[in-house]
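A.B. asks: This is what each chain is made of:
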Amino acid sequence: MTAATARARHGSARRLLAVAALAALAGCATTGRDPADPFEGFNRSMYAFNESFDKAIGKPVATAYQDVVPSPARGWVRNFFSNVADLFIGVNNLLEGRPNSAVTSWARFAFNSSFGIFGFNDVASQMGLEKQHGDFGLTFGTWGAGTGPYLVWPLVGPSDVRDTVGTVFDWHFDPVSNHYPVAPRNAMILLRATSQRADLLGASRLLEEAALDKYAFQRDAYLQRRRSLIEGDHPSREKAPSSQAPAGAPHASSDASPQARFSSVYEPRTPANYQAVLAAERAK
Amino acid sequence: MSLSKALKRFAGAFAGLLAVCAAAAGAQMMAPDALVKDVTLEVVGIVAKDRDIQSGNTQKVIDLVQDKVLPHFNFTDMTALAVGQNWPKASAEQKQRLTAEFRTLLVRTYASALAAYRDQRFEFVPLHASPTDTDVTVRVKVLQSGAQPVTIDYAMEKMPGGWQVYDVVVGGVSLVSNYRTEFANEVRDGGIDGLIRRLRAKNARLAQQTPAGTGSK
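Protein chains in written order, with my numbering: chain A, 1 to 284; chain L, 1 to 217.
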């Protein structure tokens with residue numbers, strides 16, 4: 001949500017990160033109910049800050065952008081920044097050991113920069129070259145780095161220890177924020193942030209409506225999402241429950257009690273597990 | 001027994017038999033991936049053409065979802081999975097109320113997602129399942145220029161009346177898993193009744209947000 005806005009604050013965000021890291025340490029005493037979220041107290045206060053920032057600035061600006069700028073032009077802006085990003089998505093794809101994805105990302109960059117006229121049009125998608133996922137957080141995850149505790153940073157939004165390090169790397173290599181002189185660079189960064197926030201207006205409304213506790217809902221969605229991007233998902237291939245269960249989580253086995261099959265914390269989806277519970281429920 | 005009475009009885013039995021046949025034909029098992037494709041395209045087609053919906057008539061989308069989508073969802077199973085370890089502790093009446101409130105919330109959320117639909121394209125990934133499977137995952141990709149495709153996985157189970165959805169996984173995020181933490185926290189704080197109260201309050205608040213008089217019925 002505010003991830004976009006946050007990227008905009010390249011320099012000052014680093015300072016904020018340092019301050020926030022200290023605050024996080026200071027907040028160590030806060031005990032979260034969820035083992036994946038030991039800094040829940042700190043995170044919730046950061047979340048509240050982000051919410052008010054978004055309410056005051058992020059959302060109004062994004063809404064105005066959506067109302068004022070016609071849809072095709074917003075598409076050009078989205079495609080342009082997406083194209084610039086494909087360069088390092090390709091690098092990360094390679095680092096992750098997915099050469100095919102890397103080639104796809106770079107082919108996208110080549111086609112969109114030329115035939116797509118400086119990336120304003122996503123002709124590659126129409127050619128069947130799907131946009132890939134890739135960032136340093138995902139790369140570290142593929143290499144086996146654990147997520148560490150969940151963290152919420154001011155303006156950055158949801159993250160975890162691994163993805164925080166990844167984001168610093170992402171910023172370091174970001175072609176847009178490495179562009180000089182400073183004035184047009186800042187304008188670009190703000191435009192990108194606005195465009196990205198505008199694209200999320202629908203999703204944030206959905207979150208507003210769906211969640212009982214927006215903080216917890218967003219946290220669990222973030223953790224599930226990042227996990228699925230690293231593990232990859234193969235809908236036609238059933239994974240053994242043991243390969244999906246996080247360390248420390250109860251393994252689903254057919255003879256476990258219903259209590260053991262459901263963890264109150266995040267638990268990856270295992271259809272086999274579901275079916276066992278449902279069958280037990282129906283048998284009553 | 002008079003002849004007319006016997007005829008009447010026969011006619012009655014015959015009518016009953018016809019009704020059963022019709023129901024069986026209507027419920028004839030449609031392949032799960034074909035079902036997802038048909039329903040998605042039909043509903044999205046209606047949304048794309050409807051000016052009322054595009055200008056924000058929430059009630060109209062909710063009615064659409066209730067008509068076209070709801071019959072293909074197994075809300076009892078969805079609720080059971082979302083409530084998780086606390087489900088067996090709920091009474092039959094509590095289970096019923098939980099399911100009703102959760103259904104209202106999900107229909108509302110689904111309607112919002114649908115109303116946000118503009119010009120995304122869909123790719124229906126063919127399902128490789130054997131005829132004996134009773135639990136499958138049907139994948140739909142939503143394609144958009146300048147963004148990664150969003151995958152929507154429908155976890156479906158074979159029920160007597162046809163295939164039904166028991167979880168929706170959007171971009172790797174399972175709806176059922178995501179509600180599990182929230183629900184568990186509510187139950188820990190206020191018990192099953194606390195969760196029901198919380199859901200009911202949430203639904204009431206959302207219903208108030210629907211502009212009055214925009215209902216299409």
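Treat the hints loosely; a few may be bogus.
What the hints assert, rightly or not - Straight-line distance between alpha carbons at most 16 Å, and here's what the computed EDC-like set of lysine to aspartate or glutamate pairs gives: (1) Lys202(L) - Glu208(A); (2) Lys141(L) - Asp213(A); (3) Lys68(L) - Asp38(L); (4) Lys202(L) - Glu209(A); (5) Lys59(A) - Asp213(A); (6) Lys141(L) - Asp119(L); (7) Lys158(L) - Asp135(L); (8) Lys59(A) - Glu231(A); (9) Lys158(L) - Asp133(L); (10) Lys55(A) - Glu208(A); (11) Lys89(L) - Asp193(L); (12) Lys202(L) - Asp199(A).
Source of the hints: derived by calculation from the structure; they are not laboratory data.
A.B. asks: Against each hint, give a clear statement of whether it holds in the structure.
C.D. replies: Do the hints match the structure? See the list:
A C-alpha spacing of about 11 Å is found between Lys202(L) and Glu208(A), which places the hinted pair at or below 16 Å, so the restraint holds. A hinted pair counts as satisfied when its Cα atoms are at most 16 Å apart, and Lys141(L) with Asp213(A) does not qualify at roughly 28 Å. Proposed proximity of Lys68(L) and Asp38(L) is supported: the alpha carbons are some 10 Å apart, at most 16 Å. Proposed proximity of Lys202(L) and Glu209(A) is supported: the alpha carbons are some 8 Å apart, at most 16 Å.
The suggested pairing of Lys59(A) with Asp213(A) is violated, with an alpha-carbon distance near 20 Å, which exceeds 16 Å. Distance restraint check for Lys141(L) and Asp119(L): the Cα-Cα separation of roughly 14 Å lies within the 16 Å cut-off, and the hinted pair is therefore satisfied. With a C-alpha separation of about 6 Å, the suggested pair Lys158(L) and Asp135(L) falls inside the 16 Å cut-off, and the hint holds. The suggested pairing of Lys59(A) with Glu231(A) is violated, with an alpha-carbon distance near 33 Å, which exceeds 16 Å.
Between Lys158(L) and Asp133(L), the direct Cα distance comes to roughly 8 Å. Compliance with the 16 Å bound is thereby established for this hinted pair. The straight-line distance between the Cα atoms of Lys55(A) and Glu208(A) is roughly 13 Å, inside the 16 Å bound, and the hint therefore holds. A threshold of 16 Å between alpha carbons decides the hint, and for Lys89(L) with Asp193(L) the separation of about 11 Å falls inside it, so the pair holds. A distance of roughly 26 Å separates the Cα atoms of Lys202(L) and Asp199(A); the hinted pair therefore is violated under the 16 Å criterion.
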